[in-house]
Amino acid sequence: MPHAILLNGAQNDPLAAAVLQDTLHNRGFSVQQRRLWEAKIAPCLGCFDCWVKTPGRCRNQRDDADRLCREMLEADVMILLTPVTFGGYNALVKGALDRSLGLLSPMFQSVRSGPFRGEVHHRARYPRYPSMLGVGLLADPSPQEEGIFRRLVARNAVNLHSPRQAAGFLYPAQQNAAQMRTCLFDALDAITPIAEA
Amino acid sequence: MYNAVFLVGSPKPKGNSTSESLARDLAEAMERRGVTVTLFHVMQVRRHPQRLIDAIENAELFVLSAPVYVDALPAPVTEVMEAIAADRKGHSDVSPTAFVAMVNCGFPGPEHTEVPLEICRCFAHHARLRWAGGLGLSEGVAINGRPLTAVGGMVYNVRAALDEVAEALTAGWPVPAASAEKFSRPFLPRWLYPMMGAWGWRRQARANGITPRDLHARPFTEKNDSTS
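Just so you know, the sequences run in chain order W and L. Using this note's numbering, the first residue of the first sequence is number 37, and each one after it goes up by one. Using this note's numbering, the first residue of the second sequence is number 45, and each one after it goes up by one.
Possibly wrong hints are sitting among the right ones.
Claimed, not checked - Straight-line distance between alpha carbons at most 27 Å, and here's what the computed DSS-like set of lysine-lysine pairs gives:
#1 LYS58(L) / LYS76(W)
#2 LYS89(W) / LYS56(L)
#3 LYS89(W) / LYS58(L)
#4 LYS76(W) / LYS56(L)
#5 LYS89(W) / LYS76(W)
FYI, nobody ran anything at the bench for these hints, they're computed from the structure. Treat the numbers as computed from the prediction; the structure is a model and nothing was measured.
Sequences and hints are given; from them, build the entire structure.
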């Protein structure tokens, strides 16, 4: 049974989180949800100790970030649920991701294929990483902000060596649960391995 | 009187970030042209952003200088931007206050700064600020938190570009496209960067007593094995 970690940064949209979790269950996923507004995650200080002093782990292991990193790595899919914030993630989701830098190696490599071919990114530290799904919440459709969000999720997935990635959008002020569920289908198809689809 | 507000978006200690080095160089170029500059650090204002918000309200220009974290802006910068946009939601029109974003990252290639700059442009729209352009710097580790005047000839293009930008902004123009291109020119050939980067990380690790094998540790796997 594939396992998903849901990093929930959408404190004001409980229905969206419930619909997402329910849809994942119906797809055969086990889901572990982390409500990020309840988590203690200090900001990343950019010290790079997770690379050159305590390789693979942040030097601050007193808060929830260390456990979250382990849970990200153990998942088959990592899902970021967030209000689309200027085209990106909100501060809660971003804070969790910032503290995951140690999951990667400091060493560089060139991407060999795909839309990011030729770009330099960090090498993998581990042999496997989760697929990535970004679910963005908006009051109304916004092609510009949705375009930025899609590119951000795709770039994050390349950095994280995710085997699959997708972005989907929900409009909770305009949609009921059934409509939101339908919106998620394409994105979930994209990140679900073919054998389990 | 021309007032400019600068926000250093690096969570690193004061005086120790490439974001601050770039901000100070641009600020000083503007001060030479008679602009009054007030500089804030994101870790000072993230919990209590009202002083920053009030300063922006009374400024002709707001400049953000921030590092790229995970392809976007650091969480504390996002937090402050959320607060600014929420406070300015009631503005009915785009204010005359211009907003310029300067982002820097450690990777080679301008592609790594494009999404963060688009996020900044989107923020300007939500915060009813007049978008006046963005600057993206890659291979920022070449500056490594030093004042640009101490780095030497390698940052000639960066300093020249910032001086041009200061001239344009002071005159009420946006960031010139040619200056943004000059600012973004790489310090090293792209093919050389991975080698130089690896050398730099190994050197830092060695100074901390970390062996090449330890550098590739996998602390979250059961066997805690490591392979290079």
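Against the structure, the hints:
With a CA separation close to 24 Å, the supplied pair LYS58(L) and LYS76(W) stays within the 27 Å bound. Of the supplied pair hints, the one linking LYS89(W) and LYS56(L) holds, its CA atoms being roughly 17 Å apart against a limit of 27 Å. Of the pairs offered as hints, the one joining LYS89(W) and LYS58(L) holds, with about 22 Å between alpha carbons and a cut-off of 27 Å not exceeded. A threshold of 27 Å between alpha carbons decides the hint, and for LYS76(W) with LYS56(L) the separation of about 20 Å falls inside it, so the pair holds.
A C-alpha spacing of about 23 Å is found between LYS89(W) and LYS76(W), which places the hinted pair at or below 27 Å, so the restraint holds.
Of the hints listed earlier, there is not a single one the structure fails to meet.
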